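Enquirer: Produce the entire structure from the sequences given, and follow the hints as far as they go.
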Amino acid sequence: DTAVSQTPKYLVTQMGNDKSIKCEQNLGHDTMYWYKQDSKKFLKIMFSYNNKELIINETVPNRFSPKSPDKAHLNLHINSLELGDSAVYFCASSPRVGRGETQYFGPGTRLLVL
Amino acid sequence: AQKITQTQPGMFVQEKEAVTLDCTYDTSDPSYGLFWYKQPSSGEMIFLIYQGSYDQQNATEGRYSLNFQKARKSANLVISASQLGDSAMYFCAMRDQISGFQKLVFGTGTRLLVSP
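Just so you know, the protein sequences line up as chains A and B, in that order. Using our numbering, read the first sequence as starting at 1 and increasing by one per residue. Using our numbering, read the second sequence as starting at 1 and increasing by one per residue.
There may be inaccurate statements among the hints.
[Said to hold, decoys possible] Once the Cα atoms are required to be at most 27 angstroms apart in a straight line, the calculated DSSO-like pairs of lysine-lysine come out as:
#1 B:Lys70 x A:Lys44
#2 A:Lys71 x A:Lys40
#3 A:Lys19 x A:Lys40
#4 A:Lys41 x B:Lys3
#5 A:Lys44 x A:Lys67
#6 B:Lys73 x A:Lys19
#7 B:Lys3 x A:Lys36
#8 A:Lys52 x A:Lys71
#9 A:Lys67 x A:Lys9
#10 A:Lys22 x A:Lys44
#11 A:Lys36 x A:Lys19
#12 A:Lys40 x B:Lys3
#13 A:Lys40 x B:Lys73
#14 A:Lys36 x A:Lys9
#15 A:Lys44 x B:Lys3
#16 A:Lys41 x A:Lys19
#17 A:Lys67 x A:Lys52
#18 A:Lys52 x A:Lys40
#19 B:Lys73 x A:Lys44
[Claimed, not checked] Which bits of chain A does chain B cover? Going by a derived footprint, with three or more residues having C-beta under 8 angstroms, they are:
#20 46-56
#21 61-72
#22 84-94
[To be verified] What follows is a set of in silico ranges between Cβ atoms, one per label pair, in the way DEER data are often shown:
#23 A:Thr13 x B:Ser42: 37 to 45 angstroms
#24 B:Arg72 x A:Ser80: 28 to 36 angstroms
#25 B:Gln57 x A:Asn17: 49 to 57 angstroms
Just so you know, the hints here were simulated from the structure itself, not pulled from any lab data. Note that the structure is a prediction, hence the values are computed from the model and not measured. Yeah, the Cβ is synthetic: ideal placement off N, Cα and C, and Gly gets one too.
Expert: Okay, here's the thing in structure tokens:
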């Protein structure tokens, strides 16, 4: 009964490959996010979706394409992976209103591009 | 643009003592929210505590309390009676509104080490 889940937890791949990370939340939240945490532990927003609609795109390269088939799922597809894409990717969700719209994070996906 | 500053890259505390982790912020938005998250070595991001800019009282959640000083634009996290399991990275974050929707802007984090 995990609130926000991500698969896979670890992803090791070669440069140039295409990969996807899946995220699901069972909290009934309207808004979902993707964050990237770099090697220095700095966290930065990449995308946000509200009810399947893209609302935030923080100048992320076109190689990154989020997809939200329904409001409980937000997947991240990455084309032509580069070494600099190595990071931890966190999915998060929040309610539209209430308690400051606190964001709850998934366990993270550790991506290593070789 | 909103900014969060955490000036302590690392902090040490002995078990059972209290510790304060500093966070200052910068915003021109009169309505904002401040959050603290814990990231243990296992890597997950755990929500700890929230403070709204209009909240009259400082937020508390168990052993966590937020020392919110609006005029100084600071939102320090106080952990009372530290435990070994409190050893982790701690991130301060602010809600940044874009067209009515929020994203979180994070500080660089403070690594806390609790010693026996």
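Enquirer: Would you list, in rising numerical order, the hints stated earlier that this structure does not obey?
Expert: 2, 6, 18, 21, 23 and 24
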